[in-house]
Amino acid sequence: MSALSGRGAEIATVIALLGLVVGLGFAASRWRRASSPAGSQPWDLEEWGLGGRAFGGTVTFFLVGGDLYTAYTLVAVPALVYAQGGVGFFAVSYVAITFPLVYLALPRLWSVAHVHGFVSTSEFVRARFGSRALSVLIAIVAIVGTMPYVALQIVGLQVVFQALGLSGALPLLLAFGLLAFFTFNSGLRAPALLAIVKDFLLLITVLMLLLWLGVTEGGWGHVIGAAGAKFAHAHGSGGLLLAPAGQLGYVTLILGSALALFLYPHAITGVLAARNRATLKRSMSTLPVYSVMLGVFALFGFVAISAGIKPTGGNVDTIVPQLFHSTLSGAALGLAYAALAIGALVPASVMSIGAANVFTRSIYREFIRPDATPAQEARVSRTASLLVKVGAIVVVLLLNLQFAVNLQLMGGVLILQLFPAVALGLYTNWFHRRALIAGLVAGLVSGILMLYQIPQVGANGKITSRHFGGSSWPLAHLGLATRFAIYAGLAALAVNLAVAAAGTLVCHWRGIASGADLTDPSDYTADENDSTVQRMPELIDGPRSYRARHARLRAQRSLTNH
Amino acid sequence: MDSTVFEAPDGRRQPDDDLATLWIAPKSPLPAESQRRRPRAGVRSRWQWLLAVAVVIPLLTPLYNRASPRLFGLPFFYWSQMAFIGLAACVTGAVYQVTKRRGS
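If you're matching them up, the sequences are chains A and B in order.
Each number in the numbering used here corresponds to the 1-based position in the first sequence with 122 added.
Each number in the numbering used here corresponds to the 1-based position in the second sequence with 559 added.
By construction, these hints were calculated from the structure, which means they are not laboratory data.
Be aware that a few hints might be false.
Claimed, not checked - A short, non-exhaustive set of chain B residues, derived as facing chain A with CB atoms under 10 Å:
#, residue
1, Leu609
2, Ala613
3, Val614
4, Asn624
5, Pro628
6, Leu630
7, Gln640
8, Met641
9, Ala648
10, Cys649
Claimed, not checked - What the simulated footprint calls covered on chain B by chain A, stretch by stretch (three residues with Cβ under 8 Å from a Cβ of chain A suffice, anywhere in the stretch; the number is not a length):
#, segment
11, 632 to 639
12, 651 to 657
All residues carry an ideal CB built from backbone N, CA and C; glycine is no exception.
The whole structure should be built from the sequences, with the hints applied where relevant.
Structure (C-alpha cells):
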C-alpha cells in the first residue's frame, strides 16, 4: 500500500501533530501580547494566568469549550453509553442546560473580577463576605477538586498511547513534561491557541467516523438495534431508555453537574480571560453548539457495540481508541489519536493554570507574602502550575487508576459545595460568613459520607468494591422504602444550603457582625470601558496590567491629594 | 484637575455599551457610586425568563424518556436531548440579541 497507510504513517502523524502543538505552545507566548513594550516588562499574573484578559469571542469560545470537553469526557462518556446505555447521555443534557443556567451569573462574575482585579473565585468570596477563612477554605476545595481532574487527563493520554502501542511511563512523562514547559512559558495563551487546533482535529475525526458509519454500518437504525439487543440480553445493567427508578438520579446528576461546571477554577479562568461582557455572552450563546459533538461522541458508544468491540483488559475506557482502530487506518487513525491526545493536553494546561492562580492569590498572597509584586505572583503561579502537574502524574503512576477515577468523582461533589458562597454570592451577601463556612463543611462531610456508602457494582451484578463506587446515592439510606437514588453532590448541596441558611438566621439573631462587603452593586454590571474598569494607572501611565482595588484606591487618593 | 481623563482614551465602545456614556457623566473628578449605576430594563428581565425554559425542559425526563418517534433511526430519548442543545443555543442567542439592542 501507499505510504499513507500502515503503522508508520499512523505514528508519524501523531508525532507530527504533537510536535506542531508543542511548537505552537511555545510560540503562543508572543501571541496577542499588549502593545506596551513587551519583553522588557516582567510578566504579571494577569498576563500569564489570564492571557492579559483580552480574548475576543472566537478565542473565548474555543478556550471555554476546549477545557470543558476534555479527553477524559470524550473517552469516558462513550464508555458509559457502551456499558450502561441511556444513562451516559446525561453528559449531553447537562452541557445543554449549563449555558442558559450561567448566562446571567457569569457576566456578573466577570465584571466584579475586572473591577477588583480578581483572578479566582476565592478572592471574590474574600471581598464579598469579608472572611479570609472562608476564602482559603474555598481555595483549598477548588485546588483539591481540580487535581484529580488533571490526573484523569493523564488517564486519557495513557489510553491513547496504549492504543498506539507505546506502553510504560516514559511517553506519558515526555508528553506531560512538554505540556508543563509550554504552560510555564506561555501561560493561558498556549491552551487558548491549542484549543482551536484541538477542536479542528476533533471535528475532522467525528466527520470521518460519521462518514464511515454512513457508508458501512447502515445508519443509526442498525446501530441502535444492535445496542438494544445487547442490553436486552444483559438483564438489569443499563438499557436504551432510563429505568423508572433511575430518572431521579438522572435529573439530579444533570442539574448537579451543570451547577458544578463553572465552579471549577479552570472554567472560571476561561471566563475571566474574555475581553468584555458582550464577548462572554456571545460565546455562551454559541457554546451549546459544542455539545452536538459530545452527543455524537456519546453515540459512538453504541457504534462500538454494533461493531462488536470488546474492551481490552476489562477497561471500558479503551473502547473509543479501539473504535478508531477498527474504522480508520494510517494517517487518518493517527489524526484521530492525536486529536484525543491534544484533547487531554489543552484542558490539563488550563486546569493547572486555574489551580495555580487560586493558590497564588488566596494562599500565597494571603498567608505567605502579602506584599507580593505582580512579577512575584506570576513566578509563584508558574511554579505552582508545574507542581499541580507533578502531583497529578504521581497520583496516576504511583496510585492505581481506579483511585484517580474515585478522586474525580469526589472532586465533583466537593466543587459543588462552593455554590452558596460563589454563585449565590454573586447575587446576595445575605449569608453570614460563619454560616457559609459551617454549610461548606457540612456539605463536604455529608458528600464524602454519601460517596462512602455507595458500593460499586460490576457488569455481572456483583459488588466489586464496597465504597466510592459511584455518585448515585440510594434514598433508602434515609429510611425511605424506595428504589430511587439521587446524585450525592446535589444531596450534599442541600445539606450545605440548609446549614448556611439556618446558620445565617442564628448569626443575625445573635447579632454577630457580618464581614465587610467590599463590592458595590455597580461592580457587578461594570463593562470594559467603564471608569471603574478603565483604571487610573492605565489612564496616567498608558495601558498596563490591572491592579487590585486597594492599590487603585491608594493611587486615586494620592492623586486627589495633589 | 482635568475631568476629561475619565473619558475612554480611544473612544472604543461595544455596541451594547452606548448608554454607559450617559451614565458616567464627568461631573466630579472621581466617579461617585451613584453615577456608576445603569438603567434596569423591565423588558430585559422578561426576556430572561426564556433561559429558565431551556434549563427546565431537559430536567423533565418523563417528557422524553421514550423510544418513539424515531429520527434517522435514533430513539426519541437521544435525538430530543440533542435538540435541547439547539433550544439552549436559540434561547441564549435570542436573549443576547434582545438585551444587546436594549442596552443591557
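(message) Check the structure against each numbered hint from earlier and tell me which ones fail, lowest number first.
(response) The structure conflicts with hint 5 only, although it agrees with all the remaining ones.
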